Amino acid sequence: MRLRLTGGAPRRGVVMRVMRVMRVMLAMLVILIAGVPRALVAEDRMTVRGNYYREASTRVLAPVVYVEKDVPDERFTVGAEYLLDAVTSASIGAGAAAVTGGDFLFTEYRHETTLRLSSKLRNWSLGGYFRYSTESDWISRSFGLSVARELFNRAGTLSLSYSGNFDSVNKIFAGRVLPWTSTGTSNLQQVNYLGVGYTHALHRRLLGGLLFEGIVATGPQDNPYRQVRDGLPESHPLLRRRGAISGFLRWAVPRTPLVLEPRYRLYGDDWGIAAHGLDLRAHVRFLKRVVLRGRYRFYSQSGAYFWAEDGYYPATAIYRTADPKMTRFHSHTPGAELTIELDGLARLRGLKWLRGAWVQATYNHVLVSKNYRFGDARLGSLAFSVPF
Amino acid sequence: MSPWPMSTARSSLLALGAALALAAAACATVKPSEREVLSRPEMNPASEGLEEQFQSHVESAREGGFGGHGAAGGGCGCG
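Residue numbers (the working numbering), protein chains in the order written: chain X, 1 to 388; chain F, 1 to 79.
Bear in mind the hints are in silico, worked out from the structure with no lab data behind them. From a predicted model like this one, the values you see are computed outputs, not experimental measurements. Among the hints, a few may not be true.
[Claimed, not checked] With the C-beta cut set under 7 angstroms, the calculated list includes, among others, these residues of chain F facing chain X: (1) Gly17; (2) Glu34; (3) Arg62.
Even for Gly, the Cβ is constructed at its ideal location relative to N, Cα and C.
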């Protein structure tokens, strides 16, 4: 502008050259933003999910909202999530035996927010998140980083992910929030997770994957409110090392709308717990826009080395627990999920915005062995997801 | 009756065998033109992310074990 005001013939030439350069740069910018091949463009999406959980002494409603937006495409995606855990009737000393006073009613809200960033650049996927969760006696901060690389002409994906949790554990006593250190000196519970996974297209109808996971947790890991039978507080080791290997297959059965998905997981830790998890799923697209998923899961674990079946501990016992998770038990979980894609409704006037949207209903019923104090559980959820 | 389907050692060997079988099978590569079925939504391991998150949360509260719910970027590039 200033060049034009002071114009003359030679300066007019400069202006023209500058304008040409700017036009080229603008064109390049437009190509960069708008000219991205369609395959690269993922959709922006909002998902609302209402989760319901009920067992003998606890009932939880957990609505969650998740929004994901590409800026401007999947080379950079931002996601935000908010979850509310509304525990309408529960015990903070969940699972306490009746002889120690049993469960007492407690109402609590937990707020959790998560910010996610991800990027897809050629064969690489990068991701990261930060999560903050707060409730009356527990504050959790966690972050995670992940990287994945497509291999063998995109037939396989190798992934590596790490996450770290830094939780402040407290105990509410006489109306005051006090740090809970258990047998240690700090109320900081730190958890480091590392996962390495590989997924491969084994056949034109078969996908398979393996995942190796490890966790090291340090700090107080017992419940500050729960007591064993003699009235002493729980006391868990301050260090726990855990590992798991799991695998899955997804097989599209020829000439049917059926996809079968077996999963298996083997788990072990240095508290003496070993566990098997077998999960069999069948996905059936029985109508063009309707998918039904049936599920059966078997889970079995051994008890921790410091678990006492009768709940009594000698005075010399270093570790004590009343946590039902530490016992030997097994469970069976049948479940079903129905997903209806709403693209059909999008043809109607005023409902075009429903293109790519879906609704989903899920129910799982957990049946446990008799010795497991948490008892059977019912899990349900309703979800609605819409692109924008 | 024991709830254990088999001994831990035997299961570990089975898991190791499955890992080796998958590693061996990974040498075979399905061509991009043959991945039509693999690109169906039901074949996408990442399609159940939010539900897996809820399941994982509940399992960690009720069970001594953990994991098996996938890691980031665990799908094949079939989309």
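What are the numbers of the hints the structure violates, in ascending order?
-> 1
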